[in-house]
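Number of protein chains: 2
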Amino acid sequence: MPNDHTVTAYNEELALLDKRIAQMGGLTEHNLGRAFDALMNRDPSLADQVIKADKEIDTLQIQIEEQVIQMIARRQPMADDLRHIMAALKIAGDLERIGDLGKNIAKRSLAIANEQCPRKLMFGLQHMVESALHQLKDVLDAYGGRSTDLALTVWRDDEQIDEMYNSVFRELLTYMMEDPRNIGFCTHLLFGAKNLERIGDHTTNIAEIVYFLVKGEEIAADRPKRDTTSTTLFTPPAS
Amino acid sequence: MPNDHTVTAYNEELALLDKRIAQMGGLTEHNLGRAFDALMNRDPSLADQVIKADKEIDTLQIQIEEQVIQMIARRQPMADDLRHIMAALKIAGDLERIGDLGKNIAKRSLAIANEQCPRKLMFGLQHMVESALHQLKDVLDAYGGRSTDLALTVWRDDEQIDEMYNSVFRELLTYMMEDPRNIGFCTHLLFGAKNLERIGDHTTNIAEIVYFLVKGEEIAADRPKRDTTSTTLFTPPAS
Chain A
-6 MPNDHTVTAY NEELALLDKR IAQMGGLTEH NLGRAFDALM NRDPSLADQV
44 IKADKEIDTL QIQIEEQVIQ MIARRQPMAD DLRHIMAALK IAGDLERIGD
94 LGKNIAKRSL AIANEQCPRK LMFGLQHMVE SALHQLKDVL DAYGGRSTDL
144 ALTVWRDDEQ IDEMYNSVFR ELLTYMMEDP RNIGFCTHLL FGAKNLERIG
194 DHTTNIAEIV YFLVKGEEIA ADRPKRDTTS TTLFTPPAS
Chain B
-6 MPNDHTVTAY NEELALLDKR IAQMGGLTEH NLGRAFDALM NRDPSLADQV
44 IKADKEIDTL QIQIEEQVIQ MIARRQPMAD DLRHIMAALK IAGDLERIGD
94 LGKNIAKRSL AIANEQCPRK LMFGLQHMVE SALHQLKDVL DAYGGRSTDL
144 ALTVWRDDEQ IDEMYNSVFR ELLTYMMEDP RNIGFCTHLL FGAKNLERIG
194 DHTTNIAEIV YFLVKGEEIA ADRPKRDTTS TTLFTPPAS
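Quick mapping for you: the protein sequence lines, in order, are chains A and B. Per the numbering used here, the very first residue in the first sequence carries number -6; after that it's consecutive. Per the numbering used here, the very first residue in the second sequence carries number -6; after that it's consecutive.
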């Protein structure tokens, strides 16, 4: 039987793992917000900071991975603890991808730094990023508090981001069709919007991981998915 | 000490893990090829098959994950075996994403089923998919044969896919600028090309995992990256 000392050290390692996830989540959230600010305000110096800061997120993921492998090797975790450790590993993977997608938005802000983008187009994107940040914060809270209710709310609300994406997608294509000179920067905004939609999907993944961690079973429903842009051909609205 | 019987059973489990990776890789490769055929030939019924077959890839990933967790819990692997098991887990994650990106190409083929796309545009995409499939096959062989040489070749050659993507990106935007009626279907081809570029990145991830599995250290060089489309604003060529 493990003695009290071993148990305490083990619990400290599990707590460190969660601390690192919280830290990685906080950094990811912060960096995504700044990436969007760089895009909104055409701020190349902020974009550079975001691109550099993404390395910290990557480093945290590597630390989490190394800790997980060490814990498995040394502690030989079973049942709940193993599920906890594997959940942390997977969440770190999703956070790393969210970080990359945020970094890509920062890069695109560099490309369109000298362009004038209509306020209306940017509003749609702003709503998307606000929802994405809100969802990310909630899913990290759901993990921290092991709340399946909050995880389910995040999981269900992803379709709102999908609907916003459909609408931004249509606005951008309409704008491109109105004047070919808009195509260059609108393509960057299109990929930026797609990144935000993907960030929503990774957040939904995390919600599913939290649910499974607490309940030991998958969410018993089909995933809500309202992004219809892949399967429909956009034609310009009749004027 | 484990007896011979235990060791044999353990080796059989490791072999099963690799068999499942090979199977998942084969399916992923096959489905990506068919997704592109559906796009090239505007074949909605093939696209439907691809979308359905992606579920098999997802199921294999879940089986691999479950096997990994069971092996860790029951066998308490150390050192090389633990590295082997964790490599399989990560490769399965990358293959699942490649499957999703292929499925998305099939969905886009449904959206543009009734469109006439110029042969030249499709040629660029075809070269991309041929390279992506070739790289995927090689990296699976590199894993099967634990070949760092082959893994390094795959890792270096990804920049060729990036360069093709840059060129396809420019062709598509030029075509969109020439006639706004091309914007709808070109947007689908643009996302399709981006998916192929991402598939190249996931293949490169797998090459890094294989290298680390065999050598126990990361590849000692910066990752080649030639996709410049995120950071540049495309303007139409002077006519």
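Read the hints as simulated data drawn from the structure, not as lab findings. Among these hints, one or two may not hold up.
Because identical chains share one entry, a pair is satisfied inside a single copy or across any pair of copies.
Stated by the list, open to error - Below, computed lysine to aspartate or glutamate pairings styled on EDC-like, alpha-carbon distance capped at 16 Å:
| no. | residue 1 | residue 2 |
| --- | --- | --- |
| 1 | Lys48 | Asp215 |
| 2 | Lys218 | Glu58 |
| 3 | Lys187 | Asp93 |
| 4 | Lys208 | Asp11 |
| 5 | Lys45 | Asp155 |
| 6 | Lys218 | Asp93 |
| request: Run the structure past the numbered hints and jot down the numbers of the failing ones, going up. | output: 2, 4, 5
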